[in-house]
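Undergrad: Each chain is listed here by its residues.
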Amino acid sequence: MAKNENAPTAPERIEIDEARLRDTVRAILEAIRLPKGTPLYGAFPEIASPEDRQQMIDDGVYLFRASEARADGSAVREVQGRLLTCLKRQMPDRAGEWTAIETGLGAGEGAEHFLTRILENDVRHLTTKANTWGVSPDSLSLAALFWARPFREEAARRLADGVRTEHWRMGFCPVCGHWPGFAYLAAEDNRRNLWCAACTTTWRFDRMRCPFCLTTDAEKLPYLTIDDNEHLPLYVCEECKRYLKHRREEKDARRDPDVDFILTVPLDYVATNQGYIQESPIPVRFEKPDGEASRAYRAKARYEDGPSGAGNIH
Amino acid sequence: MNLTRRGFLGLAGTGILAPVLGSFLTPGKARAARGEFKIARTTETTTICPYCGVGCGMVVHARKDSHGGRVVNIEGDPAHPINLGSLCSKGAALFQVANNEHRLTKVLYRAPGSDRWEEKGWDWAIRRIAANIKKTRDETFKAKDEKGRLVNRTESLACLGGAALDSEECYAYSKFARSLGVVYLEHQARI
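Top line first, the protein sequences correspond to chains A and B. 7 is the number that my numbering gives to position 7 of the first sequence; each next residue is one higher, with no gaps. Just so we're on the same page, my numbering is the position in the second sequence counted from 1, plus 314.
Hints were generated in silico from the structure; no laboratory data involved. Keep in mind that this is a model prediction, so the values were computed, not measured. Mixed in with the good hints, there may be bad ones.
As the list claims (entries may be wrong) - When the alpha-carbon atoms are kept at most 27 angstroms apart in a straight line, the in silico DSS-like pairs for lysine-lysine are as follows: (1) A:K241 / B:K404; (2) A:K251 / B:K404; (3) A:K241 / A:K220; (4) A:K220 / B:K352; (5) A:K288 / A:K300.
Unchecked claim - Where chain B lies over chain A, by a calculated footprint (3+ residues, C-beta under 8 angstroms): (6) 26 to 37; (7) 189 to 199; (8) 204 to 210; (9) 220 to 231.
As the list claims (entries may be wrong) - If you want a taste of the chain B side facing chain A, the calculated C-beta under 10 angstroms gives, among others: (10) I353; (11) E358; (12) V373; (13) Y423.
Every residue, glycine too, gets a C-beta built ideally from N, C-alpha and C.
Turn these sequences into a full structure, and let the hints guide you.
TA: Right, dumping it as structure tokens:
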């Protein structure tokens, strides 16, 4: 049999304890869910009217302005406490790190301030604190992602209310501006829905276009499948070297994006070993929505060839 | 690359998941496993369904393998304005045309009066078709009709455009047919 020279080289097999990890993800999601009606924000940027928000979406500008939001202190501490307790229980091998984070937050600037910086996507602050507290930036990022989750979800709920995104053609989240963490290929019509790991918003995006660099050259947008898992294609971009994990949905299947996002970690391993780059869900695509880079991306998304990535926020 | 579990845990900076979740690796298997991930690389290309005149958009998934390459999946193109990702049962089964042991991959020719097929090359087939067209056209070409009016046509040739032809191809095809004097010119979409 002739050797296929185009086949990627295969790394050593890594297997994951799916049942335990699924339990952990569900336990984390349960831990960060506060009782209905719990106030999450002391102040929230009421971005004028739905018309103004609609105008932002039509202009390709994401909605959330973290600098204008102030999370409610007691809610912040409540989520922090529940999350770290859960992490200590579910991931005891890193208990020292969770304790160090807890201690660091209690001794220093406080939980409220830290979460505000997370909502502002201040990665440098996160890295500095990780070094100060002696924990891995990855562990702190994971905790920060889920700690900020209920606040971002609440922001998404308020901001997306009454807003339509038929003309949203960007690869980043229309609500909070983060890169997609996962994607689904719908069974009914093969459309692609991107999922934001930060605020859990989903939005439609062109199937044959890289959400990160917007290339539409099909030759540069192959997908990898690992161990015959055809339902979990890993779309890569040879132009910008980024990748995005996908699930090919079955009809009427119930989505569980957090579980999919985390249980597919072997795909991250394979992708990074193939030289592709994982976009972290912590930083946003464009810190300055009206900056030069943002304008260039938006112009490319709108006017380059290719059909519309139209869709609705779900 | 031969990364051990320790190496895997050391992949800091690749994202937030892989390094942190290293403890969820099945330890025994992870250390001892000597198998390899089987990685397949697939490209997607858009095309048009060849069957009918609706012209539905399709996405063809092709994968290189030890035999060179093969189609592994065909599905409706969700971005195509005509079908928005859906396909009829015939179009949805197009995959079976590409992957079918009965599909002809070489030119077969049965000579007049013969009871057997012969394998021929593409160059031979094209030349043969061209020669037959020219012969028929030359033998049946009419410069004028019965009333002496200039017509420059042949009524012994007919052309039928296929559904897979796009607008530009149809334009070129009709120009070619008209240059021969063909008057019986149709397209599958009108039938």
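Undergrad: Let me make sure I understand: some of the numbered hints might not hold for this structure. Which ones are they, in numerical order?
TA: 1, 6, 13
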